[in-house]
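S.K.: This is what each chain is made of:
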Amino acid sequence: MRADIMRTTIVTTLAIAALLASAAAMAARPAIDELKSRVVLDDYEANVLFGYNIVMETNKYAARYAGNGLNCTSCHLKGGTQPDGFPLNVAGVYPKWRSKNGVRNGIELRIRDCFLYSLNGVMPPPEAPEVQAVAAYIHYLSEGEVIGKPPAGWGVPTLPDTGADPNPPRGATVYARSCTPCHGKDGRGTAAAPPLWGPDSYNAGAGLNNVQRAAGFIWANMPVGNERSLTHQEALDVAAFLHLQLRPFDPREGGLKKLAERVYHRISTWMGKAER
Amino acid sequence: MKLGAYCAMLLREALPDLSWRRRVDARRELLAGIVGAVLVIPQAITFAYLVGLPPETGLYCAVFVGFLASLFGNSPMVGGPNTAVSILLSLTVMQYAGRGSPIYTEFVLVLSLMVGLIQLAIWLLRGAEIFRYFSPAAIIGIKTGVGVLLITSALEGALGLSPLSTQFFYEKFYLAAVSWSELVNPYSVATALVTIVSGLALKRIWPRTYIVAAVIAGGIVGTAIYLVQGPIGSQLELLGHVTMRLLPVQWPHLTPQHWLFMEAVVPSAIAIAVLGLAQSLVIARDLKARLVDDLDLEKEVFAQGIANTLSPIFSTFAGSGSFNRTSVAVGMGARTPLAGIIAAGAVVAFAFALGPLLTYLPMPAIAGVLVLVGIGMIQGDEVRQLMRGRVDGIVFLVTLFTVTFLGLDVGILVAVLASAAFLLAGMSKVDFDVSHEGETECIAVKGNLFYASVDRLGQHLRAHPSACTRLDLTRVPFCDATAHAMICAVQYERSANGGRLDLVPAARA
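Top line first, the protein sequences correspond to chains A and B.
The opening residue of the first sequence carries number 1 in the numbering used here; numbering runs sequentially from there.
The opening residue of the second sequence carries number 1 in the numbering used here; numbering runs sequentially from there.
Don't read these hints as lab results, they were simulated from the structure.
Since the model is a prediction, treat every value here as computed from it, not as a measurement.
C-beta atoms are modelled at their ideal positions from N, C-alpha and C, and glycine is treated no differently.
Some hints could be false.
Pairs of lysine to any residue, SDA-like flavour, derived with a Cα cap of 25 Å [to be verified]:
1. A:36 - B:264
2. B:172 - A:126
3. A:96 - B:182
4. A:36 - B:182
5. A:60 - B:249
6. A:60 - B:254
7. A:78 - A:210
Just some of the chain A residues that point at chain B, by a computed CB distance under 10 Å [stated by the list, open to error]:
8. 39
9. 47
10. 60
11. 64
12. 123
13. 132
14. 133
15. 136
16. 152
17. 154
18. 155
19. 252
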């Protein structure tokens, strides 16, 4: 009986403590604007702010490793706070295995991958201050999330099967109608929106260079101000149209190695023909 | 009147003195400047990496600190980013902020400002004199120790590892050795080795510009590996984009947080200021002795101080005179500050021209440069010469061991104390010859009489309170209040006991 009471007391105390702790954790997360106005920042807060600045203006604050006209916030909408727009409150999901590189990915490797593929830049070392700052910002955004459980609105929605294949020519008409005002006729982007293809956009190894994922992103977030107005099929068509455009090559394979392989292939087939 | 003269002297030193323009050999200065610029670019990037700031800040340091130090100075000494200063800046600020974060950058700039202001204060107090007592053995000890530190700090970059934090440098070698197979990146090692080996081989042929050739060789090999294997396959770390601006002017942040930081780092700032000046003045004294007669050391102190004070305004960190680049410039025939000014301009031109190429410069090649610079700082013949003298040898060894095992800041303090201790020990050596002229004892004293040296003489005099003694002080250059009081006390004692103590005073100069 006494043990029962003790147990209840302990459980209640723990529950209250946990509640208080979570309340303290919620209260401990100040808004970015408040951080900006603070006179004294500790190292974590300074890194969160630096990470926020990198996400918003990658080409200014992480110019050393960025390589194109995109910023993190071009895809991680609103500084990574938009559900269904690749939100960044994902610290609890890492480390995890990814088929992209076939290894266990920590949050640092994930961030470095973004610099290499989506930003088509130079892969920073894991200890680069830029990587650490973005990791701090992601941690800051993830406060209150459950470890191991994908947060609500993770990534982009997966569109249901429409029953028809994605059709790039129809996508071109949708692009001309809905996307050109901001992204420009040639996809090079304008002051209002980032470039979608060409030398100044993400490369062929980027996550968005995948028709399904790009379609989900476009359907949920585009056109800005009139989201979810395209049909699923239209989103798929536009994504297929984007997928066909020219963009920087996938850096997973060295350019020279690829070239050498092609030359070798040409020569060997030519020799094979000559023998016949 | 005296104050007026002091002010006039300060003003003369503070204004750029362009009298050197009459003895300019433009062709030689131009050549020396351009070679200096080629040489400084890899070093500037490497030292920015040492400080923990983006590469362009190192180039800004080469351009703006180098330019200001040459403009206000009066010698062919080349200023700009410096190894020891860079290491100390990073060690100091790392205790207060995460390496490379914005607050870290601001702290480095604020610390540079403090270093410059302290150097200006040393200038106002006529501090160049003090550095005369900084023993060459201690300086060579610091130089050698910095060489060892550089080589060890390059280890991770060369092996493609994340920074290892160990207490002593040799532990890093142990860690790298035991985790060789799973951690070390063979492509990084290959690139670094090509840089180091080609540097050492080319040093014979081009003793001045071999570092440039080495970084080109390492860069070509590393880039080839990168292009063939790709970024994922090779895992080679690249320098990244160097976003240089022509005039990176900004106003240093000074919020209460920065004031707190400044308060906390005053001792380190003094150590950095003293070390920077000590290096610059060792170079300047050497130049004055060999080449430039009218070199004004106080003016060089002002030039270093003003260059470092203005460095944060140009978004860069403090520097000092550079041993290796000055010797190259002088070797190419530079005799005036024009070479340094041309070098600063040429760095801007080269950096803009090379910008895209620098992006793909592999970091292991830069680590290789660090090793080469480190090896260059360890001068075997200088050390051998020092080890011949017993005192010099001890000062050198003590300094070297403290720098390598306890860190540069402690090492500098120990170096100063060791040189002062041995200087004091040498000064406090007092010889006295005792002879007898009948009843009178004659003591001829040779050496300085002061608190540290007066004891033995005092004991001798007090042993015979009733004797008659003549104390010959003609070869005593200095006699302080303690010694004076001792002599008076002995005279009093003698007169009370029927003895005498007569003095033969030193001739007044």
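S.K.: Take the shortest C-beta to C-beta distance between residue 136 (chain A) and chain B; is it under 10 Å?
M.R.: Since chain B brings a Cβ to about 9 Å from residue 136 (chain A), closer than 10 Å, the hint holds.
S.K.: Quick one, is the residue 39 (chain A) hint okay against chain B at 10 Å, beta carbons?
M.R.: 5 Å, holds
S.K.: Quick one, is the residue 64 (chain A) hint okay against chain B at 10 Å, beta carbons?
M.R.: With Cβ-Cβ at 4 Å, under 10 Å, it holds.
S.K.: Quick check on residue 155 (chain A) please, does its C-beta sit within 10 Å of some C-beta on chain B?
M.R.: Where the cut-off is 10 Å and the nearest Cβ of chain B is about 23 Å from residue 155 (chain A), the hint is violated.
S.K.: Identify whether the interface hint at residue 154 (chain A) stands, where standing means a beta carbon of chain B within less than 10 Å of its own.
M.R.: 25 Å, violated
S.K.: Does the nearest C-beta of chain B fall within a distance shorter than 10 Å of the C-beta of residue 132 (chain A)?
M.R.: OK, holds: residue 132 (chain A) within 10 Å of chain B, min 7 Å.
S.K.: If you take the shortest Cβ to Cβ gap from residue 47 (chain A) to chain B, is it below 10 Å?
M.R.: With a closest approach of 5 Å, the residue 47 (chain A) hint holds.
S.K.: Holds or violated: are the alpha carbons of residue 60 (chain A) and residue 249 (chain B) at most 25 Å from each other?
M.R.: 16 Å, holds
S.K.: Are the Cα positions of residue 36 (chain A) and residue 182 (chain B) separated by 25 Å at most?
M.R.: 42 Å, violated
S.K.: Taking 25 Å as the top limit, are the C-alpha atoms of residue 172 (chain B) and residue 126 (chain A) close enough?
M.R.: 19 Å, holds
S.K.: Tell me if the interface restraint on residue 133 (chain A) is satisfied: Cβ within less than 10 Å of some Cβ in chain B.
M.R.: 6 Å, holds
S.K.: Is the hint on residue 123 (chain A) kept, meaning its closest Cβ partner in chain B is under 10 Å away?
M.R.: 5 Å, holds
Of the numbered hints stated above, those contradicted by the structure are hints 4, 16, 17, 18, listed in ascending order.
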